[in-house]
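Asks: Single-letter residue listing:
Number of protein chains: 2
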Amino acid sequence: MRISELSATSGVPVPTIKYYLREGLLPHGTPTSATRAEYGEAHLRRLRLIRALLEVGGLSVAAIAKIVAAVEDETVPVHTMLGTAHYALAPAVETPADDEEFGAALARVDDLIDELGWQITPDAPTRTELAWVLARLSRLGRPADDEDLRRYAATVMELVTIHDMTKVSFDGPREAAVESLVVGTVLYGKVFDVLRRLAHESASAQLLNL
Amino acid sequence: MRISELSATSGVPVPTIKYYLREGLLPHGTPTSATRAEYGEAHLRRLRLIRALLEVGGLSVAAIAKIVAAVEDETVPVHTMLGTAHYALAPAVETPADDEEFGAALARVDDLIDELGWQITPDAPTRTELAWVLARLSRLGRPADDEDLRRYAATVMELVTIHDMTKVSFDGPREAAVESLVVGTVLYGKVFDVLRRLAHESASAQLLNL
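As you go down the protein sequences, you meet chains X and Z in turn. Okay, so the first sequence: first residue is 364 according to this note's numbering, each after it adds one. Okay, so the second sequence: first residue is 364 according to this note's numbering, each after it adds one.
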């Protein structure tokens with residue numbers, strides 16, 4: 364299809380498509396004349412991925428370029444490619460260097476992950492992120508106890524295994540795997556959070572016998 | 364205690380305390396002379412609540428003033444008082460008036476809540492928020508199916524009943540109930556979200572046999 368059709372089918376305006384071509388986010392089409400090129404399904408898939416990373420993930424063009432590079436490089440294993448997107452979605456957390464409470468929380472997170480037998484890379488930003496929240500709870504005088512964390516972790520892993528993992532397209536095109544991961548992580552994360560707050564209202568009403 | 368001690372014990376600077384007094388967030392102390400007043404435990408509790416609403420909840424002073432008014436008015440039932448804080452923590456969601464997809468999603472949320480037998484007020488902003496995420500998933504070509512939602516809801520309610528509700532101080536001072544709700548909703552929400560993303564990494568590694 365021509366660029367005008369690619370635009371109509373994807374809903375992405377032509378100038379935006381041209382911008383993505385210049386930035387290297389979208390591969391060039393096959394030239395059919397000096398001024399025309401032919402685009403295909405792969406371009407539609409890529410535009411869909413870029414849209415998810417931008418609108419759902421809230422990522423910058425620079426962050427998207429890195430993810431696209433991992434998608435395009437077939438020598439990058441699927442798990443590493445997914446990790447690129449996964450880590451890019453994590454909120455930035457400042458690591459307080461000489462904070463005792465934070466150090467203790469980080470050690471606790473590492474212990475928890477070991478105990479659960481979860482496979483997490485040593486430099487995963489999620490470790491720091493969890494430590495940061497735990498240190499904050501302690502500082503507010505409401506520390507999370509180990510039992511709580513284990514129960515939360517077990518429930519979460521059960522849900523992830525029976526639900527979330529079935530939504531990731533591991534076997535299809537590399538773009539589709541990353542796109543499904545972004546949508547699943549961000550939007551199902553929101554579904555979970557809203558349901559949790561709805562459950563709070565209902566449980567509170569029942570506890571107070573309303 | 365004097366205002367200087369109140370500051371030292373709470374960690375809130377004296378000028379900030381004076382600002383809260385002027386804005387009506389903190390009740391005045393008992394005057395002991397023309398320029399001095401005596402403060403007590405209730406003031407410490409209130410400062411702790413304000414800190415949680417500001418720093419953890421990220422609320423504005425105007426939003427905090429409304430919550431404080433509900434805390435101070437003993438004729439406001441506990442559930443309503445907690446609801447004031449609970450709803451203030453919900454992210455603002457624009458309601459697209461004439462959007463068919465959104466309307467359908469909202470009807471679906473209402474049906475789900477009915478089916479689950481949850482006690483949620485008809486005007487809870489969480490209904491709109493969930494509908495908005497569901498409409499978004501549909502628009503991205505990844506609609507959530509009913510089975511998924513029911514399973515998520517059941518798991519979440521179980522966790523909330525056995526864990527979250529035990530952390531809310533329903534029987535103590537009204538300030539402490541609201542403060543525990545804010546910390547629990549926001550920070551345990553983050554704990555949940557990070558654990559979910561950690562579980563994704565581990566489950567993905569196992570699925571790909573790494």
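Note that these hints are calculated values from the structure, not bench results. Hints are not guaranteed to be accurate.
All copies of an identical chain are treated as equivalent in the list; a pair is satisfied when it fits inside any one copy or across any two copies.
Said to hold, decoys possible - Keeping only pairs whose Cα atoms sit at most 20 Å apart, straight-line, the calculated EDC-like set for lysine to aspartate or glutamate is:
(1) Lys553 with Glu521
(2) Lys381 with Glu437
(3) Lys530 with Glu386
(4) Lys429 with Glu418
(5) Lys530 with Asp461
(6) Lys381 with Asp461
(7) Lys381 with Glu404
(8) Lys429 with Glu510
(9) Lys429 with Asp473
(10) Lys553 with Glu368
(11) Lys530 with Glu437
(12) Lys530 with Asp511
(13) Lys429 with Asp486
(14) Lys530 with Asp436
(15) Lys381 with Glu521
(16) Lys381 with Glu510
The structure presented is a predicted model; accordingly, all values stated were derived computationally and were not measured.
Asks: Identify every previously stated hint that the structure contradicts and give their numbers, smallest first.
Replies: Checked against the structure, the hints that fail are numbers 2, 3, 5, 6, 8, 9, 10, 11, 14, 15 and 16, while the rest are satisfied.
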